[in-house]
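Enquirer: Residue-level listing of the chains:
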Amino acid sequence: MLEISGLVSGYGRISILHGIDLRVEKGELVALVGVNGAGKTTLMKTIAGLIRPTAGRIAFEGSEIAGEGAERAVAAGIALVPEGRMVFPRMTVWENLMLGGVHPRARPYREATLERIFDLFPRLAERRDQKAATMSGGEQQMLVIGRGLMAQPKLLILDEPSLGLSPLLVQETYGALRKLNADGLTILLAEQNVKLSLAVSNRGYVIENGKIVLTGASSDLARDPATRKAYLGRL
Amino acid sequence: MSAEVLLQATVQGLQMGAIYALIALSMTLIFSVGGLLNFAHGDFMALAMYGALALYQSFALDAYAAAPLLFFGFFLLGFLMFRRLVQPVLAAGVLAGAQLTLGLVFVQENFLLMVFGGDYLSVPTVLSNKNLVIPPLTMPWPLLVGSLLAVVLAAILYVVLMRTDFGRQVRAITQNSDAAALMGIRIDRVQAIAFGIGIGLLGLTGAIIVAQFTLTPAMGLDFTLIALIVMVIGGLGSFAGSMIAGAIIGVSESLGSLLYGGTVGAMIPYAILVLVLLFRPHGLMGEH
Ligand SMILES: Nc1ncnc2c1ncn2[C@@H]1O[C@H](COP(=O)(O)OP(=O)(O)O)[C@@H](O)[C@H]1O
Ligand SMILES: [Mg+2]
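If you read the protein sequences in the order shown, they are chains A and S. The first sequence begins at 75 in this note's numbering and counts up by one. The second sequence begins at 296 in this note's numbering and counts up by one.
Hints listed in this document are in silico derivations from the structure and should not be mistaken for laboratory results. Glycine included, C-beta positions come from ideal geometry on N, C-alpha and C. Check each hint, because a few of them may be wrong.
[Unchecked claim] One side of the interface only, derived from the structure: several residues of chain S facing chain A at Cβ under 8 Å:
hint	residue
1	L372
2	L375
3	R466
4	A467
5	S472
6	D473
7	A474
8	I480
Construct the complete structure from the given sequences, taking the supplied hints into account.
Expert: Next up, the structure:
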């Protein structure tokens, strides 16, 4: 579904990603793990069209989308749930969700998708008319996942959804992701939380200084001495 | 001084206030799109008033009939101006944007001076010099109709911005443009349309109040200053705040000039501005 090859990307003249190869098949839940500053966010933003890569290819369902902008990515069926959540603070939960489905591709299905999201996160239904800024971090995380789903994505990308959440809320968030994946949604998940993300995913990639250094089945990666040494050392 | 005279001045002040509020709201809309403080705001309205004059002189078109035409003409002007002028200049910073609009003040005023001359002019309309008399009040029809239309237009603008997909997209871009991009919103296009609506509203406002005013090429500045004051007093981005601030400024200006003469009356809005800023730096109904 998503096929990235030789991707070079960064900010201005500074390259952060140095030739990334990464693949996500339909129906998979793939984890991208790496320490802070490894380049996960840069990669997610480049896929979502917020950053124009300087070299390489991003093919989504066979068509090239690299450097075509965020609108093109949404139109193709990619939704990014960004790091730091980025809610629209002075708008209500309902307004935030409506904006998630404002693209012409998603607009006709908004009411039905809204029902599904309220089923998945009943808390959002309760807080429907509350301003996003007044909600807790966990609720905001549910909101931005819901907002991403409103776009009717074929591929949902999440950048550090567990950041700053209590363990209980992390469990809840990951439970929702597992459920969405079981219902057929393809998911790419960037995380520093190696243990957790490798536990829910089918396959994983380890990124280090803008390069993929390891890849394989998540269960193998979790057992791999190299991963353990670098990322799970404290566990 | 009789109660009737005071009542008369209060009503007139409220009517002016509605018009001030509408001008301030279009200024807020333009400001919310990319942060341009439009010092040429009143001059666009002056341009529209002269446009109404030209349409009357050339085609005997009444200003009220010309209003939709001026709206679309100015919408187009605003849309293109945003794409070709404002956006590239804003990329260089907000100060460059302010400089651009200051430049537009001179361009427009001199353009009007060249084409229409410096004399005071007026535009005859179906309502000109007619009054509605409801004792003890005597209300000029142009001001009455202008203020009612201003309230209606402000309400429409409110609904468009707060209750439609388009309005939500405009607000989303203001609140977090990166997140807005992630929603697949075409930021440039939405901004250009919003800017066009802001300028288009000035075309419309000029047409519906032209019968109340005497035209002179430099008349725009007064409106710009009043709009700035109303926008700041009301609290940036607050509709209710702008309406209330418009009423306060309109009434105080009108009562002030009645009681203390025109010079003092014209200073009162500034005094109120200073007081409000001292006690409520974010305006009467401002957020943050
Ligand atoms: N806007 C930016 N401009 C310049 N450098 C940046 C910017 N954002 C991130 N970086 C740099 O890019 C590198 C990778 O950052 P990032 O992609 O955010 O990593 P991660 O998401 O894995 O923590 C870091 O060295 C960081 O300092
Ligand atoms: Mg990151």
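Enquirer: Determine for every hint whether it applies to the structure shown.
Expert: Each hint, compared with the structure:
1. L372: Because about 26 Å separates S/L372 from the closest Cβ in chain A, which is outside the 8 Å limit, the hint is violated.
2. L375: violated (22 Å)
3. R466: holds (6 Å)
4. A467: S/A467 check passes; min Cβ-Cβ to chain A is 5 Å, inside 8 Å.
5. S472: At 10 Å from the nearest chain A Cβ, S/S472 fails the 8 Å test, so the hint is violated.
6. D473: holds (7 Å)
7. A474: holds (4 Å)
8. I480: Interface hint status for S/I480: holds (6 Å vs cutoff 8 Å).
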